[in-house]
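Engineer: Chain A is fixed; fit chains B and C onto it per the hints.
Residue numbers (the working numbering), protein chains in the order written: chain A, 1 to 176; chain B, 1 to 74; chain C, 1 to 248.
No lab work stands behind these hints: they were computed from the structure.
In this text, a Cβ means the ideal position worked out from N, Cα and C, and glycines have one as well.
One thing to keep in mind: the hints can contain errors.
[To be verified] Ranges between beta-carbon positions, derived for each pair: (1) T48/B with K86/C: 14 to 22 Å; (2) T48/B with E78/A: 46 to 54 Å; (3) A68/A with A28/B: 42 to 50 Å; (4) L160/C with T48/B: 20 to 28 Å; (5) T215/C with E70/A: 50 to 58 Å; (6) T48/B with S154/C: 18 to 26 Å; (7) E2/B with V206/C: 26 to 34 Å; (8) V66/B with T63/C: 43 to 51 Å; (9) T215/C with K73/A: 48 to 56 Å; (10) S171/C with V66/B: 19 to 27 Å; (11) R64/C with T48/B: 30 to 38 Å.
[Stated by the list, open to error] Computed footprint of chain C on chain B, listed as stretches where at least three residues anywhere in the stretch have a Cβ under 8 Å from a Cβ of chain C: (12) 41 to 55; (13) 60 to 72.
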Amino acid sequence: MATETLGADAAAAAPGMPQLDFSTWGNQIFWLIVTLVVIYMVLSRVALPRIAGILAERQGTITNDIAAAEDLKVKAQEAEAAYDKALLDARTEAHRIVAEAKAEIQSDLDAAIAKADAEIAAKAAESEKAIADIRAGAAVAIEEVAKDTAKEIVAAMGGSADAASITAAVDARLKG
Amino acid sequence: MEGELAHIGAGLAAIGSGAAAIGVGNVAGNFLAGALRNPSAAAGQTATLFIGIAFAEALGIFAFLVALLLMFAV
Amino acid sequence: MADKAETGGLVFHPMDQFIIQPIFGGDVTWYTPTNAALWMGLSIVAIILLLVVGSSKRGIVPTRSQSIAELAYGFVYKMVEDICGKEGLKFFPYIMTLFMFIVCANFLGLIPTSFTPTSHFAVTVVLALAVFITVTVVGFVKNGAAFLGLFWVSSAPLPLRPVLAIIEVISYFVRPVSHSIRLAGNVMAGHAVIKVFAGFAAIAAVSPVAVLGITAMYGLEVLVSFIQAYVFTILTCVYLKDALHPHH
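The shape of chain A in the complex, shown without the other chains (with noise of 0.2 Å):
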């Protein structure tokens, strides 16, 4: 109610609008000078300077963790890294070790191959001989046969021929 009064009289008084009553620019001008100085004061002294060192320390913050995961990062890559090369070499030595004992049984394989290959080359000749003096044995047998028969076949006839001649009779038609 007062308000209302107040505003009633300031309005017959002043002109239509407030924001020209000049009586007031003084007290206005005043105050708004007294708030911009007191904030002023507040933020360059207090607030900005809180709030760029909070800002700033998130940042380094942020910034240290992001090092700290590529480290980190780095890190995880090497061990990998480390683990693929153990890998890499237990499979080299793997395969070595398959070829080693590959050739080492290779080369038994064959020195006993070669020796099997001896050993039937050996009995080969041997039979081989044997089986040529049987054949020697064979003919000189077959020849003894002849002149006996060859001197039974004559005596049989009736004839009489002495031992050399039919021998050499013999001889020259096996030869022939």
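Structural biologist: For chains B and C alone, coordinates are given in the frame of chain A:
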């Protein structure tokens, strides 16, 4: 009589608000058209948009002020 | 005029809300605590609560008020840095002061029955003149007479340059006028329109529409309060850029 004329003048001055509305709409509409063609460049130009809107609107505010002066201060 | 309106059943006092009244009675002299002084003081309190008390925990993970404080800081800081460059950061506390004062005064003024200091030309003219004087002084101190090159558009054809120089000088001196009237006019217009709608709400037939209108206007005013503070600040930055780098 003079007071009534002042009120008519205030009403005429209020037309200026409509003109300012056209201006602001023009600025915002052209910005939107440009932003839809090249959305990646739009973010950097919002400050320019607001400055343009402010300049267009200031003139409407001047018209409003003239209306107020005619209504209350004459 | 008030009497005339009351006889018609409609009570329009759209401008009464802007009247400066002493809190403790008496005449309004230059030091009297008035409602303007009270709401300016409340905006100081709001700024201290937000920026000083809000950030007092210095958390790496911010609380709600701290993140608003950081948001306001980053918003203005980035604006100054983008427009004025690194040199402009010297003026960051000054521009932050302007922004925080205007935004707090505007938002506090939206509380019903409150008073809005920024709706008065006395306030905005001082703010705009402070910017104007700062810009002019900084321009001449940093660039000397070369600051006058701002008015001599060297990219224009020679015969046009004197004409353009006159226009540039006029627009330079109109800057504080438009700078101040834009802010006060916007705030005043919004409040006056809400008051006019409130006057219509007295008529039963249109009161639902009027109340809806008040609600809509209030939402628009919240937006305007912030945008006008933003515009005032960004124009300050633009003017400051002219002073720091007059040759574009």
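Engineer: Taking the earlier hints as the rules, which of them does this structure contradict?
Structural biologist: The structure conflicts with no hint, since it agrees with every one listed earlier.
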